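Please build the complete structure, drawing on both the sequences and the hints.
Residue numbers (numbering that gives the first Met the number 0), protein chains in the order written: chain E, 0 to 91; chain X, 0 to 143.
Don't take each hint at face value.
Said to hold, decoys possible - List of simulated lysine to aspartate or glutamate pairs, DMTMM-like, C-alpha gap at most 25 angstroms:
#	chain 1	residue 1	chain 2	residue 2
1	E	Lys71	X	Asp134
2	E	Lys88	X	Asp121
3	E	Lys63	X	Asp105
4	E	Lys63	X	Glu135
5	X	Lys138	X	Glu65
6	E	Lys69	E	Asp43
7	E	Lys88	E	Asp9
8	E	Lys71	E	Asp46
9	E	Lys69	X	Glu81
10	X	Lys35	X	Glu5
11	E	Lys69	X	Asp91
12	E	Lys71	E	Asp9
13	E	Lys63	X	Glu107
14	E	Lys88	X	Asp134
15	E	Lys71	X	Glu65
16	E	Lys71	E	Asp43
17	E	Lys69	E	Asp46
18	E	Lys88	X	Asp128
19	E	Lys88	X	Glu135
20	X	Lys104	X	Asp91
21	E	Lys88	E	Asp34
22	E	Lys63	X	Asp91
23	E	Lys63	X	Glu4
24	E	Lys63	X	Asp128
25	E	Lys63	X	Asp134
Read the hints as simulated data drawn from the structure, not as lab findings.
Please read these numbers as outputs of a predicted model, since none were measured by experiment.
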Amino acid sequence: MGTFHDDLGDLHGITVVVDTTGSRTIVGRCHEENDVHVVLHDADIHDSADEGPSRDEYLTRASKFGVWPKHKTLVLPRAEVTEIRRLGKLSV
Amino acid sequence: MPYPEEMVAPMREELTNIGVQELRDGIEVEAFLSQKTGTSLVIVNSVCGCAAGGARPGVALALQHEIRPDRAATVFAGQDVEAVAAVRAACDGIPPSSPSIALFKDGELVHFVPRHNIEGRDAQQIAFDLMASFDEHCKTPASS
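Right, dumping it as structure tokens:
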């Protein structure tokens, strides 16, 4: 639980990896998760449909150093989220 | 927007009270990091209780280890913006995060603990990781 925060879920303030039903994987600091949405701060999106590093390569680097935040806040519909994991506990 | 200083002061003192030097602007950071010989630990402090609440006591525990850096300093994210920017510039290529902890050896970044490896961990776990990096990079027992 955060020092100055209300109860916004166990993952509030934790940097997470969000897997989605599509090709996007998102890394960001979880603000809130509930049945409706997941709200992330300072987030970055990897899209496996784009050119560039593979998802595994992206997550390997993210787990070591973190990500460059491209989005101050992202609101993801819960229906698009398949899994949320702590980046700090990622096995890569 | 910075937090009120009276709220932040105890969080600063958790580190300064154990001998960690506080750096408040870019000039102080550059002067600290210009010491190219030996090892330097830099802690990016933060108000975030989710992570910094474990980081500060973790650093305090680690700095009691027999083998430790030659010097240690701290900057405060969201408060001392210029100082934090100078530290982040020295950690070239590493995404910004706070709290975080960087270990420099002979002027080169050799170990970095990002926020996500601090979150949800207790002080002892954070200290063990730091002590392992001290054992690897610092080698010689501190003189005091």
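List of violated hint numbers, smallest to largest: The structure breaks hints 1, 10, 15 and 23; every other hint is satisfied.
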